[in-house]
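There are 6 protein chains.
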Amino acid sequence: MRNPKEKYLKAADYLIAARRNPTAFGGKRNFMIRGLFLGKFQPFHIGHLEVAKVILGEVDEIVLAIGSAQFSYTPENPFTAGERIEIARRSLLDGGVDLRHCLIVPVPDVGTHSIWVSYVKTFCPKFDVVYSNNNLVRTLFIEAGYQVKPSPLFNREKYSSAEIRRRMREKKDWRSLVSQSAAAYLEEIDSESRLSEIGAPTQEEHTP
Amino acid sequence: MRNPKEKYLKAADYLIAARRNPTAFGGKRNFMIRGLFLGKFQPFHIGHLEVAKVILGEVDEIVLAIGSAQFSYTPENPFTAGERIEIARRSLLDGGVDLRHCLIVPVPDVGTHSIWVSYVKTFCPKFDVVYSNNNLVRTLFIEAGYQVKPSPLFNREKYSSAEIRRRMREKKDWRSLVSQSAAAYLEEIDSESRLSEIGAPTQEEHTP
Amino acid sequence: MRNPKEKYLKAADYLIAARRNPTAFGGKRNFMIRGLFLGKFQPFHIGHLEVAKVILGEVDEIVLAIGSAQFSYTPENPFTAGERIEIARRSLLDGGVDLRHCLIVPVPDVGTHSIWVSYVKTFCPKFDVVYSNNNLVRTLFIEAGYQVKPSPLFNREKYSSAEIRRRMREKKDWRSLVSQSAAAYLEEIDSESRLSEIGAPTQEEHTP
Amino acid sequence: MRNPKEKYLKAADYLIAARRNPTAFGGKRNFMIRGLFLGKFQPFHIGHLEVAKVILGEVDEIVLAIGSAQFSYTPENPFTAGERIEIARRSLLDGGVDLRHCLIVPVPDVGTHSIWVSYVKTFCPKFDVVYSNNNLVRTLFIEAGYQVKPSPLFNREKYSSAEIRRRMREKKDWRSLVSQSAAAYLEEIDSESRLSEIGAPTQEEHTP
Amino acid sequence: MRNPKEKYLKAADYLIAARRNPTAFGGKRNFMIRGLFLGKFQPFHIGHLEVAKVILGEVDEIVLAIGSAQFSYTPENPFTAGERIEIARRSLLDGGVDLRHCLIVPVPDVGTHSIWVSYVKTFCPKFDVVYSNNNLVRTLFIEAGYQVKPSPLFNREKYSSAEIRRRMREKKDWRSLVSQSAAAYLEEIDSESRLSEIGAPTQEEHTP
Amino acid sequence: MRNPKEKYLKAADYLIAARRNPTAFGGKRNFMIRGLFLGKFQPFHIGHLEVAKVILGEVDEIVLAIGSAQFSYTPENPFTAGERIEIARRSLLDGGVDLRHCLIVPVPDVGTHSIWVSYVKTFCPKFDVVYSNNNLVRTLFIEAGYQVKPSPLFNREKYSSAEIRRRMREKKDWRSLVSQSAAAYLEEIDSESRLSEIGAPTQEEHTP
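Residue numbers (numbering that gives the first Met the number 0), protein chains in the order written: chain R, 0 to 207; chain S, 0 to 207; chain Z, 0 to 207; chain Y, 0 to 207; chain B, 0 to 207; chain W, 0 to 207.
You may find that some hints are simply not true.
[As the list claims (entries may be wrong)] Only pairs whose alpha carbons sit at most 30 angstroms apart, straight line, appear in this in silico DSS-like list of lysine-lysine:
id, chain 1, residue 1, chain 2, residue 2
1, B, K171, B, K52
2, Z, K52, Y, K125
3, Y, K157, Y, K171
4, Y, K171, Z, K125
[Said to hold, decoys possible] Beyond 12 angstroms from chain W on every Cβ pair, some chain Y residues (computed):
id, residue
5, T121
6, F122
7, S159
Don't read these hints as lab results, they were simulated from the structure.
Beta carbons are placed, not taken as given, at the ideal position from N, Cα and C, and that holds for glycine.
Just need the whole structure built from these sequences, with the hints factored in.
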């Protein structure tokens with residue numbers, strides 16, 4: 000095993016296998032495991048939903064940590080943490096996910112990367128496996144002693160929050176990329192207007 | 000009506016009545032209402048649980064906002080936001096509450112009271128009625144245009160987070176004041192040791 | 000009325016009309032209205048001055064809110080809040096404006112857009128109408144219940160703070176774009192040197 | 000001169016004398032001096048007004064710096080910066096002071112004393128003399144190279160913001176301690192209710 | 000072993016023993032160990048010096064972390080981080096300690112206890128053993144996976160920073176509690192005046 | 000002398016000359032001077048080492064202030080303050096510098112330039128001369144009353160932290176640009192992996 004990080008993947012797989020088939024691993028089932036799914040979810044889309052479903056097939060409960068929680072009304076972070084919770088909840092319900100197994104937690108950004116992991120730990124209930132394809136996130140959590148698994152991929156070319164924001168700004172079709180109730184809510188809060196307003200601020204005045 | 004704040008109470012009652020019996024109020028049911036229950040929940044106890052149940056008898060969903068979310072390991076704020084979420088969830092389950100109707104959201108303190116309401120609004124999904132007996136909280140939310148109701152009382156002399164913390168620190172009986180699973184979890188994280196350690200720091204060294 | 004935001008404009012116009020001609024609106028004059036003029040004012044120029052004059056033709060007092068107050072000595076924000084107050088005061092005096100009707104208030108940036116409006120409200124005395132052409136600013140204040148009017152335009156191609164900063168950096172003529180006393184003050188603090196120094200920091204050393 | 004701080008007092012007196020009688024000091028009048036008057040002004044009262052008048056008898060313009068600007072709705076800091084500006088302006092008008100010579104500037108607290116002076120310098124236009132009876136404030140400004148004068152005293156036993164807040168909380172007579180228009184404004188915003196609400200928060204709920 | 004924390008003590012002792020006598024522990028010496036000594040050092044006194052010497056008898060290098068680094072000019076934190084570095088260096092030199100084995104590092108407070116350990120880790124070079132008698136500090140570092148040893152005691156009744164500050168404030172003898180060069184420096188910056196000024200601020204004015 | 004800043008250079012040179020040859024300047028040697036060397040040191044390289052040596056030829060002690068101390072794990076700021084201290088210490092030892100004359104102090108960024116100088120003063124022990132080629136840094140320190148000298152140059156085309164970071168990211172040769180022990184340490188913490196991970200984060204997931 001040339002890459003020392005591989006051991007964390009193996010450990011995560013072992014944990015998940017032991018959880019699923021306790022007898023084969025010589026213990027009785029007396030534990031529950033949680034997976035951490037990190038994102039900014041600006042907004043939560045069908046790709047996120049499918050990833051959440053795959054994770055919930057491996058662990059008992061999912062902690063959906065909504066990063067950069069304090070930001071909103073910017074081109075990259077148009078929605079508030081509260082709105083992002085609403086969209087994620089509606090999407091998960093649309094997808095038939097039982098909300099009792101989902102813990103949706105906003106986590107503010109702290110501006111200092113080496114400290115960020117302890118912020119996530121402080122705001123979220125205990126979790127066992129971190130799902131991420133981001134190399135830096137992986138490194139930071141592995142250095143903090145966590146087991147990290149690659150996030151399952153689901154058609155990333157098609158489902159992308161950046162693409163959804165771009166289409167909202169240009170009032171093109173974005174509804175097919177989010178779940179039905181999420182689309183209804185995003186219309187209710189007039190996301191197209193918000194995105195196009197944020198996208199072209201006049202220069203000289205104060206843009207907060 | 001001598002106190003102008005009474006109108007907000009009446010409005011909240013009207014909203015709740017309309018929601019329960021739409022026909023009598025001349026409309027069909029096409030809306031859902033949410034109640035905001037604010038607290039530090041250090042820790043969530045049986046009194047909080049009973050309040051949550053009463054609120055859930057009036058509204059469709061409860062937003063449990065965990066204030067001062069970034070603090071922990073202090074005499075007043077011993078538990079992290081993540082631990083407080085864990086305790087609240089277990090207590091609500093013990094109390095037979097359906098977690099699908101509960102949105103548990105940590106909200107960091109912002110240090111500036113007049114700004115705090117907009118922080119709560121940013122972190123939490125939309126809510127309709129605020130339950131509170133705290134006069135300042137009531138004032139701040141009424142000034143922000145919210146409907147505010149008095150929080151139902153449930154044996155406040157007996158069930159008190161401050162009392163639970165005191166008993167933990169002194170290793171006296173506190174288990175009867177929290178739900179069964181909450182007690183088990185609080186033992187698991189060895190809350191008695193933590194509280195007694197926090198309670199008596201040596202002076203000259205750095206207490207973070 | 001297809002755009003719901005139009006009602007806020009109408010309301011602002013109505014308020015201004017009622018203020019000017021109380022009898023026609025069936026009331027006696029017993030109120031004073033204030034207009035909020037937001038900007039970074041890096042620096043305040045003749046265009047700003049003309050806008051302030053137009054606003055003061057409509058309202059009794061103007062609140063000049065100096066945004067991003069904590070920043071200075073950067074290419075985009077070269078002047079401190081204190082210097083910006085000085086420049087605005089001198090410009091208004093040059094323009095024959097009575098300073099007794101001007102409230103100049105520095106407002107720090109808060110980094111979180113949805114919270115920014117409540118910061119402006121906290122730092123500034125009560126105001127009634129917000130003047131802005133920035134769509135996001137308009138949206139945020141309308142959502143907060145304010146009446147918003149388009150900011151009067153005054154030769155925006157010619158008078159631009161960004162252009163003034165560019166010319167200062169290149170030591171070209173910028174004096175014609177600010178009032179006479181403002182120009183004298185900007186020379187006194189040697190703005191050309193500051194701008195050119197800020198504009199070309201060496202890379203490897205610490206630029207604060 | 001045994002106390003090295005005395006030289007700063009002398010320098011301030013010299014500056015004020017030179018400003019008043021330029022010929023006697025061998026120069027022609029070509030400068031204006033400003034005095035800094037620091038306070039939290041919670042609220043601005045008749046004592047503050049009399050101090051401001053004395054200072055304006057010595058200098059050309061007064062910079063009234065409103066400290067702890069970001070705080071409000073606490074027992075010690077009940078009023079927002081904006082409200083404190085309003086109260087100070089009305090009091091100064093009641094006292095016959097020309098507002099054109101008053102610069103009222105909110106300054107946020109920075110939490111770090113050695114840095115605070117540079118914060119005051121950043122937010123306020125240039126000032127020449129600091130008026131203060133607070134030893135720490137004096138030390139900090141003298142170390143920063145400022146001339147510091149003792150603040151003129153005006154019946155401090157009678158006029159005290161802490162006493163006014165106490166009386167508001169207890170709904171006793173506080174009106175005689177503030178100017179007439181200030182009293183009217185403080186009634187308008189229902190300061191008695193606010194103070195009594197802040198004064199007795201219930202414990203278990205979240206007090207922001 | 001009834002207390003699970005004992006294992007961390009044993010591990011620390013083992014590490015120190017292995018470092019001192021590598022052969023007996025079956026390895027050759029190829030490592031260096033560092034001890035972390037945490038404090039606010041307001042100011043560093045003879046007790047601290049003796050503790051540092053004992054620690055340097057056990058480890059190769061000492062990391063002296065100066066906590067609450069951003070605070071100064073308060074009754075509890077009168078000296079800046081820079082002044083505290085100066086005092087510690089002079090004391091260590093007086094005590095015959097080789098400064099080449101001392102890393103003095105200011106660490107700002109972060110306001111959030113569960114995050115504080117990661118702040119210490121970010122600001123300080125790698126360390127192996129934490130010396131502390133503070134229960135909370137011990138808990139936090141043990142939870143973060145560190146080996147923790149009790150801090151050696153040295154006449155704590157006599158040598159106390161709080162006592163030194165009290166004596167400075169009252170201009171009583173404090174010189175015997177600090178090293179000779181530290182005393183000279185503390186006189187140079189006129190610590191008695193600073194402490195007595197900080198200790199009795201007038202109430203109504205702004206104390207930063 | 001047409002540029003008023005020249006006087007600060009002269010003053011610095013005078014101070015250094017007086018320090019070296021006290022008799023010629025009519026005083027006996029009774030003082031020590033310190034030079035401030037500011038940088039982010041991401042990482043400290045051979046060019047920095049040579050600059051430090053030249054400075055130590057002019058002053059008694061060097062204060063190496065590590066700016067942006069709270070940042071790490073970003074493309075521009077990959078290393079923590081603690082790691083940067085470690086690298087600088089090892090490099091100085093490699094270069095034969097006596098660590099007893101080096102004070103290495105991390106200084107957090109404060110986000111507000113006009114305040115930054117007072118932050119540096121708060122965190123660092125007293126220094127007499129500032130070495131910098133950055134115009135803004137020079138301006139800010141001169142305005143604060145410091146003597147500023149140009150930083151000695153040492154082959155800046157070759158030795159550059161940005162270039163080192165680029166080569167690490169691309170796993171090309173960077174070892175020749177840092178000292179031998181620094182290179183060993185940078186391998187120990189696997190800087191190449193860290194830099195390449197930070198350099199290419201996936202977009203949709205949360206990059207802390």
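Hint by hint, which ones does the structure fall short of?
5, 6
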